[in-house]
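> Could you slot chain B onto chain A? The hints should help.
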Amino acid sequence: MKIVAKKKLWKYLFWLGPFLIAVGLTVGLVSEQWGLIPLVFLIAGVVISGLGIIWQSYETNWWKRRSTQAGTNALVATLAVLAILGLINFLGTRYHLRADLTESQLFTLAPQSRELVSVLPQPVKVWVFDINQNPQDRELLENYQRQSSKFKYEYIDPQARPGLAEKFGVKDYGEVYLESGDKRQLVQTVNQNERLSEIRLTSRLQQLTNSTTAKVYLLQGHGERQLSAGKGAISQAVQGLGDKNFTTSPLNLGETSKVPEDASVVIVAGPKRGLFEGEVKALQEYLNRGGNLLLMIDPNTNPKLNSLLQEWGVRLDNRLAVDVSGESVVGLGPAAPLVTEYGQHPITKDFGNGNSFYPIARPLEITSVPGVQATPLLRTKPYPNSWAESDLQSEKLEFNADKDLKGPLTLGVALTRKQAAKSASTPQAAPTPSPLPSPTIQRKAPPASPASPALSTPTPSSTPSSQTATESRLVVLGNSDFATDGLFQQQLNGDVFLNSVTWLSQQDQQPLSIRPKEPKNRRITLTTTQGNLLILSSLLLLPLIGFAIAVIIWWKRR
Amino acid sequence: MGVVLSNIIAIYRRELQSYFVSPLAYAIAGIFWFIAGLFFVMILLGPDGILLGVAAIDAQGQQLGVPTPPIDVPYEFVRAFLDRMGWLLLFILPILSMGLYAEERKRGTLELLATSPITNWAVAVGKLLGVLTFFITMVVPMLVFEAIAISGSNPPMALSIPLLGHFGLILLAAAILSVGMFISSLTDSTILSAVLTFAVILLLLLIDLIAKIVPGPVGEALGYLSLLKHYNTLTQGIFDTSALILFASYIFLGIFLTAQSIDALRFQRQ
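First to last, the protein sequences are chains A and B.
FYI, the numbering for the first sequence is 1 to 558, going by full-length UniProt numbering.
FYI, the numbering for the second sequence is 1 to 270, going by full-length UniProt numbering.
Same shape as in the complex, but just chain A (with noise of 0.2 Å):
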């Protein structure tokens, strides 16, 4: 009697076993961490169920039934089938044919995209930081996915996940992260309104990808900003180009007399002395061969680069550039002018009106040259609060209409001159004998003008610098103090700085022209009598002929 009291204790002792393993998974679906807990009380409670199991088999000869083997055999065969099944869906899913057979691809990445995920270097991983999937979103970038296993996705709750949030700087649901090794990327924010792009999220993907980096040259030699840190040195600034993938290095054009090949953008910031002929030879000769410039010419010095900006219609203004606002608001003296106005200008198209300054800064003067287009980027306020100061020695300053510029002055302008067809890489300086013999074509080359590169010959473009080029940028700015170390990371100045040479590298001229996808354009004309018909067939006819046939056939039956 005792044994088998005991026997049945025993009995229920094993539903311990589901238990254990019950307390096992929620202890670690709750805490999300599968460490020695979870795992003890797992492995207990299987161990436990399958002592059960096994008990209770040998305890009713359960194994040598006849229904058993058969329930064996089947047990084998379906978790057989199941296992094949699994396998060929696996296989399925990694080898698959998947055509859209929408008419616009409303569904196929664009072959650009394709390409470029195709071939990414390094896995990249795109966060979205929303608790909603839409399904437009997953189906895109799963897309993308399917090009390639180094694309990963992933859907976070910023609040689930703080600290995650906090890593990639998420400030609203929504936002679209890409990372790509210790690379982050905001790409956009995603709402009811607007779902992710193909054509966003494919450029950033480039961008972030790209691995042959711009290369900057700063020109030196002629008293221009130091690179490394001290006094008045642009240190700050060469680093902040390094953090967007530049690579920085000094030029010397005395020594090397022309510009490198691989320059994407020359910076000549705040020369003192001016610049030998042969030097601004070497910088229009780089101008024309699709080059990019960035000026920043100080007042009280002469870099003697009239001529090259004689081209481009920009005079240097020799007076001084005074806010007197700033004085009262920023704490800056009058020679600071506080700049809140920018131009329409892909510089300085995110700055709204914020601020920034430029401690002893002269005015520019621009005129229109044909082919050249100019958008000034940083304008003072105007006259009565900023004006172009000439006299410079007076203690008191005054407006002198006779002498002085009325504001809005000026400090900053981009511009852009289209490469028509491909000049030689040789300067028109050298004459160049043509090989026509018309003289009406034969266009006469003043060396001050290379402007006009249409020359009689057509010389195939041998210029393997300017593989993609079809524009020259200049970006000329009245000031180059704004940029020095302290400086740099106040305000706006570092934006001005690192935008413009972003602008002049021309990396936005490399990218895809992806074409959004749009649904073909259709519409369903019915006429009234054509959609009653559909109405009266649909809602009633066909549901009365089937309940009719029903009702006729139970009545017959009966």
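If you are wondering where the hints come from, they were derived from the structure by calculation, not from laboratory data.
Among these hints, one or two may not hold up.
In silico lysine-lysine, DSS-like type, Cα no more than 27 Å apart, as pairs [what the hints assert, rightly or not]: (1) A/Lys171 to B/Lys212; (2) B/Lys106 to A/Lys152; (3) A/Lys517 to B/Lys106; (4) A/Lys418 to A/Lys396; (5) B/Lys106 to A/Lys556.
So the derived label-pair ranges between C-beta atoms look like this [unchecked claim]: (6) B/Leu192 to A/Ile552: 25 to 33 Å; (7) B/Leu203 to A/Pro123: 28 to 36 Å; (8) A/Asp157 to B/Thr119: 38 to 46 Å.
For each residue, glycine too, the CB sits at the ideal point set by N, CA and C.
Relative to chain A, chain B alone:
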């Protein structure tokens, strides 16, 4: 092989006959037609329907003088309609599949089938084909209505997408019916079979939602099991072999499990 085929055909014919003389089947068809017709009219012609909606957008665009974004009305219509049909299947198909084996069990004819020289496989395939054929005949009138609507599209629409979508619908139905058939073979209560099938299919349709919560490859695998996801792929106009493989797997698994369960029954009775 020929014998098996003729066996399948014999079962198939018997099943079809039983459907076409059953008042219940016609009543189900009537309900199906009414609900599907309701969806059809609401989506296309109703006050919130796509025709009036797009007409309003067009009128607004003309008033403001801005071009309206392109809208592919027939495409959107077919997608929306197929989406509702997918949900409708969830309610209709368990009723169709519930009697497949449960009825035979109740009447006691399952023993005859199980011990007959016809393999369980052939029986299952024949039954599935029968019920699927009945379902397709239910869908055909809706196809006619859709064809009338699509024929009014301007410019005309290529038929590849609606065809693929309806092919997906039939595949989805076959997968659901196959699973339902297996469940029906487990019990002799048709009601229980219908309820169980409904629950399982609902789970299979919605497993995608669960999968989104579960991270990692487990979640991915779970999401892959979702019938609705693959059905949507097809109705969107994407031909994807992995979706076809998944549906085929469901169909095959249903038939296999049915055969297994009848097999087990044979041994139990012995």
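> Quick one, are A/Lys171 and B/Lys212 close enough, alpha carbons at most 27 Å?
holds, 23 Å
> Has the given pair, A/Lys517 with B/Lys106, been kept, meaning a C-alpha gap of at most 27 Å?
Roughly 57 Å between the alpha carbons, so the hint for A/Lys517 and B/Lys106 is violated.
> At the C-beta level, are B/Leu203 and A/Pro123 separated by a distance inside 28 to 36 Å?
holds, 34 Å
> Under the criterion that the straight-line Cα-Cα distance not exceed 27 Å, is the pair B/Lys106, A/Lys152 satisfied?
Violated, at roughly 53 Å.
> At the C-beta level, are B/Leu192 and A/Ile552 separated by a distance inside 25 to 33 Å?
For B/Leu192 and A/Ile552 the Cβ distance comes to about 30 Å; the hint holds.
> Just tell me: holds or violated, for the beta carbon distance of A/Asp157 and B/Thr119 against 38 to 46 Å?
violated, 52 Å
> Could you grab the alpha-carbon distance between A/Lys418 and A/Lys396 and see if it respects the 27 Å cut-off?
With a Cα-Cα distance of about 46 Å, the restraint between A/Lys418 and A/Lys396 is violated, given a limit of 27 Å.
> Quick one, are B/Lys106 and A/Lys556 close enough, alpha carbons at most 27 Å?
holds, 24 Å
When the structure is compared with the earlier hints, violations turn up for hints 2, 3, 4, 8 and for no others.
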